[in-house]
Amino acid sequence: MLRKKSGWKSILALTVVFALVLSGCASTEKSGNSNNAAEPSPSADAAVTAAPLTGGELSYALATSPDTLDPHRSGLAVAVRAIRTIHDNLVAQLPDGTIAPWLATEWEISEDGKSYTFKLRQDVKFHDGTPFNAEAVKFNYDRILNPETKAANSAALIRPYKSSEVIDEYTVKLNLETPSNAFLGNLSQALVSIVSPTAAQKYGDQLGKNPVGTGPFKFVSWEENSQITVERNADYNWAPPLVENQKAPYLDKVIFKIAPEEATRIGSVQSGQVLAGETIPPQNILALEKDEKLQLFKANTQGLPYTLFINQNKAPWNELKARQALQAAIDVDAIVKTLYLGTYDRAWSPLTPGTFGYDKSLEGGVKPDLDKANALLEELGYVKGADGIRVKDGKKLTLHYVDGSPNREKRNDIAAIIQQQLKQIGVAVEVEITKDVRSIVFESANYDIYGNSQVNSDPEALRSFYHSGAASVGGKQNLPAYKNAEVDSWIDQGLVEKDTAKRQELYANVQKAIIEQAVIIPIYVFPYTIAASKTVQGIKFDSLAYPLFNDTFIQK
Amino acid sequence: MLKTVIIRLFTSLLVILGSLVLVFVIVYLLPGDPVLSMVDPSTVSPEVLASLRAQLGVDRPLYEQFASYAWKVLHGDFGQSILNDEPVLPKIIAHLPATLALTAASCFIAAVVGIWLGVLSAIHKDRWIDITARIVGLFGISMPTFWSGILLILIFSITLDWFPAMGSDGWKTLVLPAVGLGIVGAGFVVRLVRNSMLEVINEPFIVTLRAKGIAEKLVMYRHALRNALIPALTMIGVLSGELLAGTVVIETVFSRQGIGRVISDALMAKDLPVVQGVVFFSAIMYVLINLIVDLSYRVIDPRVRRSQ
Amino acid sequence: MKALLEIEHLTVKFATPKGWLTAISDVSLSMKSGETVCLVGESGSGKTITSKSVMRLIDYENGVIAGGEMRLDGVNLVSSPQSSMRTLRGKKMAMIFQEPMSAFDPVFTIGSQIIEVMIGHKVSSREKARERAIHLLSRVGIPEPELRMKQYPGELSGGMLQRAMIAMALACGPELLIADEPTTALDMTIQAQILQLLQELKSEFNMAILLITHDMGIAAEMADRIVVMYAGQVVEQATAVQLFELPHHPYTQGLLRSVTSLDSDRGSRLYSIEGSIPSLFELPEGCRFHPRCAYATDQCAKESPPLLDINDRQVACWHAESLAENGAFESIKQTSGIDITEKTESFVREKESGALPNLFEIEGLRKYYPLGKSLFSRQNSVIRAVDDVSFQIRKGETFGLVGESGSGKSTLGRVIMQLEKATAGSVRFAGKTLTGIHTSELHEARKDMQMIFQDPYGSMNPRWRAHEIIAEPLAIHTSLSTAEKKERIAELLNIVGLNPSLQDRYPHEFSGGQRQRIGIARAIALNPSFVLADEAVSALDVSVQAQIVNLMQDLQQNLGLTYLFIAHGLHVVRHISNRIGVMYLGQLVEIAGSEELFVRPAHHYTKALIASIPWPDPSRKRELQAISGEIPSPARPPSGCRFHTRCPAATSLCKSEPPALTQIDHEHWVACHFPA
Amino acid sequence: MKETALAKLTWPRVRASRRLATRRAKLNVSSLLIYAAGFIIVFIVLSALFPGQIAPYSPTEMVMTDIMLPPSLTHLFGTDYYGRDVFSVVVYGSRDSLLIGLASVLAGGLLGASIGALSGFLGGIFDTIIMGFIEVLMTIPGILFALAIAAAMGPSLFNVVLAVALSSVPGYARVFRGQIISVKGRSFITAARSVGAGNLRIFFRHVLPNAWSPLLVMATIGLGTSILVGSGLSFLGLGVIKEIPDWGTLLSQGRGYLTVAWWMSTFPGLAITLLVLSVNLLGDKLRDHIDPKKSRV
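Heads up: the protein sequence lines correspond to chains D, H, E and Y, in order. All residue numbers for the first sequence refer to this note's numbering, where the first residue is 1 and numbers rise by one. All residue numbers for the second sequence refer to this note's numbering, where the first residue is 1 and numbers rise by one. All residue numbers for the third sequence refer to this note's numbering, where the first residue is 1 and numbers rise by one. All residue numbers for the fourth sequence refer to this note's numbering, where the first residue is 1 and numbers rise by one.
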């Protein structure tokens, strides 16, 4: 917008872009669950047909600093962007949710669903020359279980893994405590990718600074807070079906530049100092779409959308009517349109559209209705006082809204808007923005509403949020303090049900129940967005919207 | 002279020791269980938690913890990052050059711009030049650095494309952050030099110089400025301390590597060993810079030198 | 002979935050080459502004020449731009200043600052300039000039710096040397040395000297002609002899009469001009002196008198002619010599005073200041500010204490007052030992001993009003009611000669003399028996000095006070004191009755001090008898007799053996092996 | 000949009067600046006291249809991404911004001054210990100190004030101690002792009244610094988040929109800058007034 453009040209460009965005949306909707496909811009389309060029460096601006490059210890999505380039998994999850071979060529699941036998590729070597084999797989998964590893998210992902048996050099059998439909999907996640056992033993704690995997790129250097460099693994020949190029990547190097300040990151992309930058805020997306030199890649994340959990352990939110009042009073559409300017999709269900089992029928179900909300609160005996805040038995109707800092994805702003929206129905919202979500929310359960999201590959993710057995908060309750035996059983069945259609139905039931009982207020689906120079071609995404650079090349 | 140096060294050591205690106590007083922020308590067994506590030593009394910490620090062991087990000292050392370069460059800019404007301002006291120079200087200290930093990026990186907006490799990436931080320093220096110059200009010896028929330029730049800079020199220590602290913000804005980023990240993540290490390290730097300034002051100023 | 410097009707204004200030108006004077002209006047008279105007240095101080003409050797100094003024300054005319300590750039060596002038004026090469600088330094009497070249100003004493300053001024061989109070900041003995040096150099370099001074004595010693200024105007101009013989302007006359000379009658009151110098912001109409003038008429109040030629001189007074002819001014010519017999009477009086009881008894008093503790040497270095002093102050007398700066006289005063703890020795006051007593007892004793300070302004809390300042001792030591206090304050103000209506003013709203009166009022508020006056009149102008001295003498008579009067100005001490002690490097070297001391000084130091006083009588011009050298550092006092390094009569005995204070006559004690 | 003499005489007069005119002018520009600074401060203080009278809209009213409108006559400073009137938000936000500055200066100044005063007046071993402690505190730069406290205690108005206040304590302590010591050495203190005044009397009646003015200057300038440190905390995500945000938070929130809706961050940024600038100008002026060395003609 700082550059001058002739009026006609820009309008033309705009229409083209809009048309494509619209058609892109339409096509994703048509293909059902494949929302996570890259949204190609016109030249990108053209370029796919152009022959890839080998060589070049891709500079890619990351939004925060990775914590570690040890996949098993990392807890940050940003780390996964780099981890993904260095490490491979046994299996890959395709956009439609199906599981495809990767480092494992084929697998068998035992009848009781408690053991998985994988046949492994025999031509794979780690970057340090260590051969990839059944021992390596066993080492990796055992490593995650080992407390000394201080595994983070990977420990949760690998559950209910119990042990491994090396059948032969290239066959490994994984034993589970209980059967799990989510297990294979989870195995596709970068956080449980395979690291070199030699390197892990050699570096110990410091593997995170010296990662060695089997991935398309080899780790070169990590200048903390500045950049991470990976270079082409020339021997690479075992890419997942997610990408077209099965051999070594075209790029010589990918340089992840760490640029936490939005303005800096986007400015660098705009001025061409980096070829690509991630996490583009909505207001800039609109502007960048108009930039002739840039293109946008966008992939919706999977799992749980950003959801506001209403804590039913706090009165009056244990009352269905009170929660329904909130549901009716909060104008999610307005929030999403105002804050995300149409670049984020509104969420309707506890699951994102791309996730298996997503119940599309929920869409358009909840509509803002202030009268209804007011009426519901009246029914509960809350009467508006002089200051417009409702009172019952001398107690004001307040809502303690806890959100974390820093203001990720404008979530604090959602709180601000909801504060104003609920004022209209006489609810005083006390917004608490805290750095210490852990102690306020997860230790002392001191919140009426708290918002969260989770990137996941399987609807099993619902368990830790809605199953009464989950006790992530204070060891006593799940986030909404939701206890519903029916929902519990559907979730339990969903984990083991082998029939896809039946499983889908189970999860649909769960979603319907949760929305009907106003357990939560789903807000938005987060799209992972990359702005890149138009010379950058072929950025792909895995099922969780992490970028893949196997097909990427730079046009001259 | 030697005596003074030794006394100064000795007090510096005491101050460093004091700051070691302070750093330790501050970190100790930070609320929240560091162990719980390291791991997910729902996935880790109490035994692991206990072993982690023992490993960190947080289960022992304060003085014992301090003694062992001090002992380790004495041996160059600042502990390990809670987040990724990285040893703290190498981490600091790795980040130090970028921050030092930034601090030095911004100090340089602050000095050059600040002295220049300060002298102009003092010579033309109460005229337009003075008022302009003061306003310019005051703008430097009145603008939030993150804002001026972003404005710099907007103008010189995005619009004009003269300098990169981010990174810490090469002199080009140093320019904008150094300017962003330097204008803050320049603001302080302008005020300092102006006041100092005004004081010196009123000294009787300036009249003598003029009475001797020395050219006004020489009177100002050779004599007055030299006298004015000597007291200003003492402020370099304070200034570099402030600039060092300013890197916390500016390094984030310009996505630079450096100590400032390390400390702010560590504080957010309650990565206590890193916090301790960086704060202590910056205290040492502060003390060292002040020591050097103090000693060189004694060498440069014949008045102080005489009184030794 | 052609005039070197001509100033005609010069008017200078300054821009101040309060508006334009006319600092000098209509000043005219002319100087011939080789002539010494003295500009005399009290503070605020505009003499320094005049000299700075000649150099056009006022341009840098918001000053503007609003009218008049100045020519130096035919060159117009008013219209010359600064660039051409610069070529004149330092070359054709040079200037030396009052404070040699601050007149040098502290961060450059002496040598480089002298060479800089010559290089700046392109009179010689750097090498030649260096040689000349060394030559000049040695000429002005600086030992080891090569070494001094490399030293910084802070490493030299004030006297040495003033010599160096003179050397620097001479560097380009100026035709006009402007000396602005060149000796005011220096000790008596050094002053004599510098004045002597200037006399020598004047003829040697054939310069004209414009000497600015407030000291009529110096003017008498040095001047060919004297220009008297008052409140920014010239009031009288005459040759030195003429002026001292018969001053025509009432102000000049008053000024000359209020000078305490060494042979004035000690018993009598000093002559003083009433009132104080007007502020330049509120100048009176007509003749600026008329409010203080005894002869003022209506005409004086309305019309400003022009500078008229009367009797071969210039006077700005409507009545000058008639006053001079009518002999309204008694001849103030000093009688030559000191007639000892005339003074027998006072001797008798002093002898009687010997019978008076002692109020203070000071025994072996020492005060050492540590010079920072040393890590490496066990030996503590100390400044021996007061080193073994014993004397008595008798009830009702005034004991004068004189000595150069660094002699320890003020420290001695403070230790006696118990404001500082003595290192050793005892002080007994009215029979009670003060050293080492309990705080509460000391508190009681303080009621009886009060103090007047050198800097009346500094000694008052600037945020307090006059009545609060005076009331402070009352508030501390008495339980008077507010009304009683008020009454007492009014009474005190009346006693010290201040209008009680001024009591609500702040210190800065008073003139120097008025402030000192407030200081005195505070000191006598509790009716003390003893008052220490520490350089109480040194900072005041001559005419005001006389007023304060008179006031103090009146108070002594009326209230029966005992004074310890510390000063470096010998005439005043002589005038007010019964007995005088002379201090040198922390020790008392001589104690004698006031007349006795001046008539028959026994210590060579006392003798030198007396000899170095300039006499306000040009007819008695004499070679100034300056002793050589400067006072050594009290941290490293010389062995034996501490004065031996400067003493003309010193022998090897003096170097090794410290002389004890011994009585040589009735009431006359001296510490000298070979008293004069 | 007479004519030339006359010409010679008149010329410098003309010259002088021209110079008089310029001199007078230069005095005015300086005071004009002070007036401007005073006006800005008065306006901001009024905004903080009576925001309702100045702001045309409610600071919380979100008009979702009017988001990110550029400045116009209806919205002087434009609207933000919530559709709030930026001018109104800035006017209301002045209260917390000023509060952060004032409260932290007051708290830090009082604590620092008390420590400095005691240390300087009592002297001796007490002074040595206190100043040693202060010296140690000085080794940790103010911002870092504030950052640590804010990070530890979490973002709230009180904590930000506390953080900024505590971080400024050593500076105040040092300056005030120096001032106390210098006043202690002046001769009117000796005069008071000589009339028998006790320690308490000397401290409260003589030393304090003459020592506090440089502290006032420092506090004035410190007010600016505090506001800036406060906004720095907002930038690092440690600021206060309230329904009506302070300027630092506004600026910090709006900075991501700089290329899209520059008015969102520019006006709060300007408000901070102008306030700090004005406060500094006044502080400088105050210093000139108080320091007799500089007010000399």
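Just to be clear, a hint being listed does not mean it is correct.
Cβ-Cβ distance ranges computed for the label pairs, FRET-style [stated by the list, open to error]:
id : chain 1 : residue 1 : chain 2 : residue 2 : range
1  : H       : Ile155    : Y       : Leu76     : 19 to 29 Å
2  : E       : Arg428    : Y       : Ile129    : 58 to 68 Å
3  : E       : Tyr369    : Y       : Pro209    : 24 to 34 Å
4  : Y       : Pro70     : D       : Gly342    : 16 to 26 Å
5  : H       : Ile155    : Y       : Thr128    : 44 to 54 Å
6  : Y       : Thr128    : E       : Glu441    : 24 to 34 Å
7  : H       : Trp128    : Y       : Phe204    : 57 to 67 Å
8  : H       : Tyr63     : D       : Asp393    : 29 to 39 Å
Hints in this document: simulated from the structure, not taken from any laboratory. Every residue, glycine too, gets a C-beta built ideally from N, C-alpha and C.
Structure-based check of all given hints:
1. H:Ile155 / Y:Leu76: 19 to 29 Å: holds, 25 Å
2. E:Arg428 / Y:Ile129: 58 to 68 Å: Distance hint for Arg428 of chain E, Ile129 of chain Y is violated at roughly 39 Å.
3. E:Tyr369 / Y:Pro209: 24 to 34 Å: holds, 30 Å
4. Y:Pro70 / D:Gly342: 16 to 26 Å: Because 20 Å falls inside the window, the suggested range holds.
5. H:Ile155 / Y:Thr128: 44 to 54 Å: holds, 51 Å
6. Y:Thr128 / E:Glu441: 24 to 34 Å: With a Cβ separation near 30 Å, Thr128 of chain Y and Glu441 of chain E satisfy 24 to 34 Å, so the hint holds.
7. H:Trp128 / Y:Phe204: 57 to 67 Å: Hint violated: Cβ distance 45 Å, outside 57 to 67 Å.
8. H:Tyr63 / D:Asp393: 29 to 39 Å: Since the Cβ atoms of Tyr63 of chain H and Asp393 of chain D sit about 52 Å apart, the hinted range of 29 to 39 Å is violated.
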